[in-house]
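In order, the protein sequence lines correspond to chains R and G. Residue 1 is where the first sequence starts when you use the numbering used here, and the numbers rise one by one after that. Residue 325 is where the second sequence starts when you use the numbering used here, and the numbers rise one by one after that.
Do not rely on the hints blindly, as some may be mistaken.
[As the list claims (entries may be wrong)] With beta-carbon atoms standing in for the labels, derived distance ranges:
| # | chain 1 | residue 1 | chain 2 | residue 2 | range |
| --- | --- | --- | --- | --- | --- |
| 1 | G | R575 | R | R217 | 26 to 34 Å |
| 2 | R | P175 | G | P589 | 13 to 21 Å |
| 3 | G | D441 | R | E304 | 19 to 27 Å |
| 4 | R | D118 | G | R374 | 52 to 60 Å |
| 5 | G | M633 | R | F199 | 44 to 52 Å |
| 6 | R | Y190 | G | Q510 | 53 to 61 Å |
| 7 | R | G298 | G | R606 | 50 to 58 Å |
[Claimed, not checked] If you want the footprint, here are the derived chain R segments under chain G, 3+ residues with CB under 8 Å:
| # | segment |
| --- | --- |
| 8 | 107-119 |
| 9 | 269-280 |
These are calculated hints, taken from the structure and not from any lab test. Built from N, CA and C at the ideal position, the CB exists for glycine as well.
2 protein chains.
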Amino acid sequence: MLSGVSQSTVSRVFREGAPVSKTTRKKVEAAAAALNYSPNQIARSLITQRTGLIGVVITDPSNRAYPDVLFYLGQEIQESGGRMLVVALPRDGETAGATREILAYHVDGIISSAILDDASIEMCVPAHVPVVLFNRSTSNANTSTVGCDQHAGMELLVQHMAAAPTGRVSLLAGPEWAPVSKDRMQGAVYALTRCGIEFAPVMHSDYTFEGGRQSTRALLSGADGPQTVICANDAMALGVMDACRFELGLRVPEDVAVTGFDDIPQADWPSYRLTTIRQPVRRMAKATVRMLMELIEGTASSGERRLLMPELRVRASSREGPAG
Amino acid sequence: MLSGVSQSTVSRVFREGAPVSKTTRKKVEAAAAALNYSPNQIARSLITQRTGLIGVVITDPSNRAYPDVLFYLGQEIQESGGRMLVVALPRDGETAGATREILAYHVDGIISSAILDDASIEMCVPAHVPVVLFNRSTSNANTSTVGCDQHAGMELLVQHMAAAPTGRVSLLAGPEWAPVSKDRMQGAVYALTRCGIEFAPVMHSDYTFEGGRQSTRALLSGADGPQTVICANDAMALGVMDACRFELGLRVPEDVAVTGFDDIPQADWPSYRLTTIRQPVRRMAKATVRMLMELIEGTASSGERRLLMPELRVRASSREGPAG
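Required output: the full structure, derived from the provided sequences and hints.
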């Protein structure tokens with residue numbers, strides 16, 4: 001060793017209050033100075049092997065759907081003594097490059113609200129950097145996920161709907177590549193089938209208000225009488241409501257009942273009063289950070305899925321059952 | 325020197341392709357290994373004095389108002405070769421502690437959408453870490469700001485309003501502590517005065533939809549006939565519109581004309597069609613990162629304010645003038 005002392009002694013020198021002789025301290029400090037090595041957060045990380053940095057991967061669409069998530073994740077990470085290193089990916093961004101760059105900063109762990117490809121995840125394994133996906137399902141055993149139980153949410157919604165006449169039922173999904181949309185639609189299809197309610201083939205849109213608005217005419221065509229539209233998220237549902245009222249002259253819920261998923265703030269505005277499913281976003285953020293910290297500390301193993309229960313919010317956009 | 329070579333030689337060893345003899349490389353690598361020093365992003369930063377990390381301070385309210393800002397800032401920072409280290413502050417968070425922690429990570433610069441107190445800013449000066457505030461005005465010469473010209477925006481809005489009868493004009497400001505709200509209200513008051521339009525005393529709310537909704541009755545009381553409400557942001561304006569229509573049975577814009585500021589996506593929804601001022605958020609994010617990079621490279625000096633011009637968006641919530 002250059003400073004003539006062991007690694008653990010070097011470590012003690014940079015830890016406040018740790019026992020170390022004056023001579024040893026001087027030796028180590030001289031060695032450190034030679035490499036511009038000061039006891040700051042980054043330099044200290046070379047000894048403790050922890051930087052306190054948590055890489056958080058976000059995408060444009062995920063940020064739009066849950067604007068508060070990043071804030072909640074940040075608060076939880078800070079309460080655990082860490083800091084967020086954020087990487088913003090374009091929707092179709094190549095994730096391996098971003099992962100390589102995050103790893104170069106020696107993060108302690110990664111949280112991603114984007115879908116990481118297998119190559120990205122496999123890169124994290126030898127680096128001993130655990131990965132937790134936020135509300136994204138995966139079949140890769142080297143990642144863990146925390147999410148909302150999408151199937152259970154749709155089950156609650158369909159049970160509520162089935163208590164009143166539904167008319168023709170149609171389903172408006174998100175983009176075909178979106179796994180959360182797929183989970184929600186699978187849940188809806190399963191619950192509708194169990195209740196013996198028929199439905200039209202699933203249509204896809206892009207998760208946006210504008211996409212919902214533009215899909216409405218096609219969604220409702222070819223049927224007379226009352227209808228019900230189940231949407232994979234709130235933004236599209238609000239677009240469907242506005243298209244019904246301002247473009248097609250239809251009343252909600254008398255002519256068309258509409259439901260969403262997420263419970264974004266606008267769902268509760270008087271103009272909409274959308275019946276929807278509330279994802280426990282704050283609790284999900286807390287559980288995500290807790291799971292990552294357990295993986296970093298080695299008290300949990302990867303490959304786990306934690307699903308939190310969502311809640312039904314019945315408002316004015318759906319029809320009330322005979323008892324209601 | 326422990327490795328028996330100079331600092332610049334150490335530097336060359338860790339820079340790919342730099343000329344350095346085999347013997348020297350071995351010496352330095354041995355010295356580096358002794359301190360667990362590997363040529364990764366963090367270790368490299370000890371030599372280049374740059375980490376590529378940009379500290380970004382966000383607050384709950386700023387994140388709500390501009391959910392896309394963080395994403396845009398992230399993209400711009402990444403295009404400049406850096407990464408965002410995000411710190412989420414609670415609204416009344418003490419900023420000095422957060423600043424100290426950011427500085428411990430040896431960031432190259434700081435962008436803040438929160439108001440940093442003077443103590444925080446003075447801490448950054450000896451560390452040679454430039455600070456750029458995003459859409460926050462300051463009188464501290466050690467910070468620079470990029471923002472939207474709030475006064476000019478209100479000027480455009482009042483000119484548009486003045487072309488049609490306004491009735492009684494009232495002003496709904498954001499929280500008293502919010503400098504952007506103050507800038508906007510000052511702009512409105514100045515423009516109204518110049519146009520010779522009288523207005524009721526300014527009322528304050530909390531920048532939220534719910535706050536706008538709850539302020540509406542008080543805002544409109546004590547006057548008969550048509551009225552106009554100028555709001556300091558869109559969220560409150562949308563709340564005022566819904567309160568008028570769903571609680572007070574008033575028509576927008578016939579009975580009450582309503583205007584906002586920001587041009588959030590909901591402002592353009594068919595249920596609202598809010599007349600508002602569009603902040604050029606994406607261009608503001610680009611200008612903020614560019615300014616910070618110039619400060620880091622030493623090609624700009626601090627204390628500069630760059631204000632970008634907003635645009636008027638006339639929609640259905642305001643009255644049309646005789647020519648319109």
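Evaluation of the provided hints:
no., hint, in the structure
1, R575(G) <-> R217(R): 26 to 34 Å, "holds (28 Å)"
2, P175(R) <-> P589(G): 13 to 21 Å, "holds (18 Å)"
3, D441(G) <-> E304(R): 19 to 27 Å, "violated (42 Å)"
4, D118(R) <-> R374(G): 52 to 60 Å, "violated (33 Å)"
5, M633(G) <-> F199(R): 44 to 52 Å, "holds (50 Å)"
6, Y190(R) <-> Q510(G): 53 to 61 Å, "holds (57 Å)"
7, G298(R) <-> R606(G): 50 to 58 Å, "violated (43 Å)"
8, 107-119, "violated (count 0)"
9, 269-280, "holds (count 4)"
Taken one by one, the earlier hints fail for this structure at numbers 3, 4, 7 and 8, listed in ascending order.
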